[in-house]
Structure formats: structure tokens, C-alpha cells
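S.K.: Protein chains in written order, with the working numbering: chain V, 1 to 475; chain A, 1 to 406.
No lab work stands behind these hints: they were computed from the structure. Be careful, since some hints might not be right.
Some chain A residues close to chain V (C-beta under 7 Å, calculated; not the full set) [said to hold, decoys possible]:
(1) Cys-19
(2) Gly-20
(3) Ser-24
(4) Val-32
(5) Asn-34
(6) Glu-59
(7) His-98
(8) Arg-101
(9) Gly-150
(10) Tyr-346
Cross-link-like lysine-lysine pairs, in silico, DSBU-like; alpha carbons within 30 Å at most [what the hints assert, rightly or not]:
(11) Lys-307(V) to Lys-364(V)
(12) Lys-97(A) to Lys-120(V)
(13) Lys-123(V) to Lys-355(A)
(14) Lys-10(A) to Lys-123(V)
(15) Lys-371(V) to Lys-355(A)
(16) Lys-357(V) to Lys-406(V)
Think of the CB as a built atom: it goes at the ideal place given N, C-alpha and C, for glycine as much as any other residue.
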Amino acid sequence: MNSHRLAAELRKIFPGDRIITGELERRIYNYDSSFMARFHNYMPDAVVLPRSTAEVSATLRLASEHKIPVVPRGAGSGETCGCLAVRGGIVLDLSSWDTVEEVDVANMQVIARPGVVHYKLNKHLSEYGLFFPPDPGSTRMCTIGGMVANNSSGLRAVKYGTTEQYVLGLEVVLAGGQVIQTGGVKCKALKNVSGLNLTKLFVGSEGILGVITKVRLRVWPRPRARGIAMACFADLNEAPAAVLDVYRAGIMPSGIEVLDASAIRAINLYRPEINLPSSEAILLFEVDGNPASVEWEGRQISEILGKRAFSLEWATDPDRMADLWRGRSVVAVAAARLRPDGSRIFAGEDISVPLDKVTEALRKIKELSLKHEVPVVNYGHIGDGNVHTAPVINLNSPEEVGRANKLVDDIHRLSIELNGATTGEHGVGAVRNQYARDEHGEAVNIMRRIKEALDPDNIMNPGKLLPPEGDTGGV
Amino acid sequence: MVFEELSGLKEHYLHCVRCGQCRSVCPVFEEVRNETAAPRSKVFLAHMLSSGELRTGPEAAAHFSRCILCQACTRECPSAVPVHKIILAARFMLARKHPSRIRGTIFREIWTRPALLNLAAGLIRCSQSLGLVKMGLACGLLPPGFSLPGRLPRQPALDSLPEITPAAGKATTRVGYFLGCSTNYLYPEIAGSTVSVLSQLGCEVVLPKSLKCCGLPLLESGELEPVAPMALYNLAAFKRLGVNTVFSDCASCTATLKELQAQQLFSGIEVLDLSGLLLELLDSYNSGMKALNRVATYHDPCHLAGAQGITLSPRQLLRRTGVEFREMKDAGNCCGGGGIFAIYHYDLSMKILNKKIASIEETGADIVATFCPTCVMQLRHGLAKHKGTIEVVHPVQLLAQSLILA
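Pulled out of the complex, with its shape left as it was, chain V reads as follows (with noise of 0.2 Å):
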């Protein structure tokens, strides 16, 4: 179908203000944070912004009668090309379907469209004294839709989960348009076993078995108080061995994040006011609760830390945990900050490791940084294993760009050597399924079978989470 007998199609489903098919304006749909993004140009055949189930209903349908990709896409803060349209076709932004529909707090349970933003659900959910726990860093952003898709979690993971926890039910579009109800039609139970676990099938499916457009999400009691405990320790091998001693002693905290040398040293340089002591590694332990438990927490913490650290600090003013937290929000940007004709990627920034392997997984970053010649800074979820490598690359450099790729390949065979997964949070999308085959073996061979099953003319997402066309594992 060319693309303006598509466009004459689609304003028969969409208002007029909800379609973009212009040239420059369809090539803003071209990004996403990715790296692999700055390098392709995947502009869609056109961009519609549905607001109803039967506007997506539709679009499947047409999509699939004339076999056009469609690409469902959120707030566009992934890291994996995910949302874009890498075979063209439709772009679903489905961001600005952004209505809480009901909080019913006798339930504990909220139901959301897809475009909801997460801290603006937080933000409304805590007028009922409620709160949805995972805790993205993108949380100013990214859509409900998009976390669910992506299965996203963040800096509570540790003691919250990650998304899947929390969704009760969806409502997803079917490629040929049908449209069902997963976790009981009707249901608005927390527990629920009966039937095959289909809820649990879409969370994390990227797209590529269907649209979700409606979602029943767990929310749990706001905690009333939190506290922050800094420690620094003069010995990298210290920090996870210290995690460990803090789970050992009953303690379960809400966040647990590290930031190495070379992510304390970028954040001096950016921001030589939060001067952070000069160590190995930091660690930052966030308890919340009740004011009683957390002051007890915090003590137990500081107890056990003092044993292995050789500066520490315990704050529950408001003020000051807010600065000690800022340290850990800034390294993002602070890591360009290593050379100056650095900028930060995202790429293989995501690898997830078995908790005894995180020190191994650090040190040997830095190996293949050094091997690679490519800065990194080094920071993440320690609590969880999810540890975030920032390499730090001159883009003017095409020499430079292809060692960066070289060493983030490098880093994803690590973590599967390393027993764990090459992305822990922010998905596969069209970078990292490149390793589903040597992550998932011959379970890959089913989940093309359940896509091909939902999608018979692969038009969801095609291009993403499933291995490259080609890959048959020897099948």
C-alpha cells in the first residue's frame, strides 16, 4: 500500500490532528535513547495517536489485511530501538492516552491506559495514600504502556520487583484486531491461577504479540518515612560483600546503588559541591517504612557497614537525603564528563549478574574498557545484581564508534558467561536480540512459535526480542 492510499485509510479510523504523515515530522519518530539509533533511519510510513481500543482495534485490522508492521510505542525513553519502526509502517505513540480510569482503593488496584506517565500515576495514586512501587529512573517520562511492555523496574527492584509483579490484567489488541482480556475478564481479584498466565506473557513481550491498551495494576501503602545511608569503602571487592552482610542481618532495603571510582570521579568533576570521598566504591542503601522501623533499619545498617566501610552516613532529613541521592541521579551525565570531547551512550548498559558475580562483572568491564580503549563509568543496582556501564565516546570518531561497539558486544557475552542476562531492566528491542539464542537456547524456538501463533504475518514489532531472520538454532 503506498503511502498515501495509508494515509487516506487511516484518517477513515483517526481525526486528522491525530495522524502524522508528513516527511519531517515522521522522521522524529526515528529516535529513541538508543545508540544503534543514531545510525539508522527507521522513519515510519506514518504516525497515529490512538486515544480508544476500537482506534486500535481498527488499525490492526487494516494493518493486517495489507500485512503493514506496526510498532506500539510510549513515551520513545527506551534504550533498544523498541519503538521504532525498523521495517516501517505504522507508529501506534500511544503516550498521549494518558487516563487513570479508576482507583479502587478498596481493591488496591488501579486501571490505567497505556499513556499514563509513572510519576503523574504516583502522583495521583498518592492522594489515596497508595503507591505503584518499581521505580524506573525514567519515571518523568515513560508511560505505563511502555514499562509494562518492557517489563521496566528501577532503583526499588530490590525490594519491590519489577513490573510483571504488579499487573493484574490486560487488555490487548491482537494483530488481526481482536481484542482480550487477560487475568479474567471480569476479574478484579489479586490472586487469581485459573487459566494459562497470559498477563504474564504480554509483560516484557516488546510489542511483538500484540498492543496493550488498557492496564490493571497492584498498588501497594505508601511507606511513611524513609532513610539513606552512605558508605565508602577503600576496597571494590567490599561493597557486594557489605550488600550481603546487610540481607544476612534480616534487612531487606527499598534501593541499594553503587557508583565505582571512575562514576565517583565523574560526578566530582561535574559537580565538585556534592564532593564525594575519593574511594573505590560507594554504596547507598535506602530503607523505608514506618518512622519506628526505619530508624531501627538505620541503625542496624550503619552497624553493619561500619565494619567494612571507612566513611559512612546515615540521613533522614528530607534536604540532605536529597543531596546524598543526587550523587547517584547526576552519574548519568556526570560520565560525559571524563573527557571533554566525551557524550555518554546507551549501549550494553544494562547486564544483570548473579549477585556473587558483581564484583567480577565490574572488574572485568574495566578489563575490556582498557582492552577496548573505550571510558566507561560504572554504576547501578547493586541490591539486584543490574549493574549500568556508561561508555563514554567521542561520536565525531567513526574508529571510535566501532570499538564502542566492539566492547559493548563485549560486555553482553560477559554477562551471559557470567551466568546472568544481557539486559536486566530496559529490554532487547533490536540490539540485544542478537543473543537470544545463545541466552535462551532452544526456548527461543517456542517463543517464535507463540509469535507466530498471535501474529501469523509477523506485522507486530517484527525485528525485535525474537533473533534476526535467518537464526533457526539448528532447527
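Starting from the known structure of chain V, arrange chain A on it as the hints suggest.
M.R.: Only chain A this time, still in chain V's reference frame:
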């Protein structure tokens, strides 16, 4: 504000990782609600413009014009990308590649010459008196943004204020008054209050009669070249009168002057924040002040709160007048004005303004004060449309009332 070519900002736009955090603060994106309005899209297209991948032309110009230049994205950016500077540089590049006779006449010929600007203001005033502007608006010959300024006063401020206003008592300080175009042509009463308040608080106020515009409307329009000569001209005007410190009652002018200083175009002179200056003077003011029996709220102008980080002193100043102060929700959110933005994108501007008006009305205040005459214009327009009775003033006007009533 920028005096750089787009290519000179390359390292900055390469730093943009396209994370999208700018979406969370952009007032234009909040209304348009698709990626084409996200500030990062402008950084992305600026990169393409610079590398020649994107054609310059009306489509690109329209895209870059859809920004208020409130700078919220620049402040929010975790990668420290100066988004507004990149947008200005792109506008400059587009304006240079596609010169417009109308734009050139307005900004290069008229705006750079006070005599012609006076004449133009006079013509607009005459047209308003004859009902021509109303007619033009009604039949669509004039864009709706032309209704924003309301009726122009009979006389610009500069015509009625002396070059030197002595201090009412013993002069403790001597300050230069940078009278901006909006205050001069739209709100001479603000200028009058500014001068009388400072005089009463012990300042000798020096107002050069030959001042030109600070250059912001030219920068916003991409007509960059005249800005530097205008800045040097204004600097010389103050120096001729022996002035070492300058202030303005217009947040946009002050922000521009500070940026000009950073670019070494307004050097050797200190640019003061008026609210801070007034607080300092009030501290040593011995005569009484009468408490105003009003309920006031405050709107933070983007070019004061955002561009200069000044939020506290205007509120302290208001409290000094004895008003009951009530903070509005999202006081730092843009009102949608932004000078030429409201003219080019009136409907969008009004949508942004409506939220601000709702926040103001929610406070129950009978006065809203703001430190920017362009915001005054926008808020008055919005409140008039909502048939509100809330008065929009500059804080110096309240201070003048409080001092005079004492």
C-alpha cells in the same frame, strides 16, 4: 540567548541522548502531546539541519518556531544540553537561508531604530483608535495574537520620564534603568512606579533617552546580526551617563543583558536584579509603609525564575507590602506568552495560558503580581477572556502604593 552558529553547538547536541526527560516539563509538548513537540525533537532536527540531512525551508522553520523559549527543557536536561540555545541557533540559520522581507523590515529596520519604533507604535495606536485593528481582527486580516497588547497608552514611558530622577531624600546609590520595549510602550505606569519607588528609597535613577531594545525579539526571530551593535550602543549610552549598575523591571531584558555580558557585549557594568535591589533598599528605609489590604499571588516569569534562578526575592518583596500572600499551584509554569510565540501560535499559547489562569483563580487572590511586562500582558489577556476580576500588576506597583500610602 545565543550568539553562536548551529555548527558551533555541535558538541552540545551530540550530548543529547534523547532520553525524553524534556517532555516532562515542556508547556508546548503538554498541549500538543506528540513527539513532534518534544524539545528533544528540535535538538534532533537541529543536528540534521547542521549536517545538511534536513532541508531548510518553511516546514523546518515552523517546527523551530513552536517553542516559547521558556528554557524549562534546558534546566531539566540531565545531559546539560542547552536546548533553547540550539533552537535559537537553528532559527538564526533558517532566517539567514530564507530571508523574509516582512521579518527583516520589522526586526532589522524598525526594531533597531527607536524613532521608527515610536512611529510604528503611534500608527498602531491610531489604528486602534480608528477601530481598524478591531476590524482587522474580526475579519481575519490580522492574526488573533494582535489582540494581546490591548489598547496602547497615549504616551510611551520614555516621553514622560526624565533622564535623571533624583533621590527623594539623600541619594545612597545611583542606578541605570534599562527601560524595555514592553514597559515603555505598553505599561508606562509600571515604569512610573519603578522610578518613583527607587527615588523614594534613596536612588538616583538614570534613564538614557536614547536606549534601544535589548535584542531579545531579534534573537527569537533569528535576526541575530543587529543584536551585538545594539548591545554596544546601549552600553555606551549608560557609560556616557557615568552609570556602573543597571537594572530593569523586565525579567526578559535582565536575562538578555546578563547573557550579553556573558558574551562580552555588555561588559564593565553590573546588571542588578531589581527585586534584590528593592529588598536591600527597603532594609535601610526608615519611613513607614502602609500594609495593603489585598490578597496577592505571584507568577514566576520564565526569564526570571528559570533563566536567572530568582524566585524568593519577588515573594519577599510582595510580603513587605503587607498583602496576604497565597502561593499558586505551579507558579513556575510558563504562562504561554514568550513574546512572538503568542503571535505565531496564539491558540497554543491560549491553551497554556488557560492552565495558568486556573491556578491563579484557585488561590482566591484579588491580585496576581509578576516581574515581567510580557507576562503582565498575557495574564491580563487571559483574565479578561475569562471575565475575571483579578488585577494583574508588577510588584513595583504594589510597592509604590504601599510607600505612597504610608
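S.K.: What are the numbers of the hints the structure violates, in ascending order?
M.R.: Violated hints (numbers, rising): 4, 7, 8, 9, 10, 12, 14, 15; every other hint is consistent with the structure.
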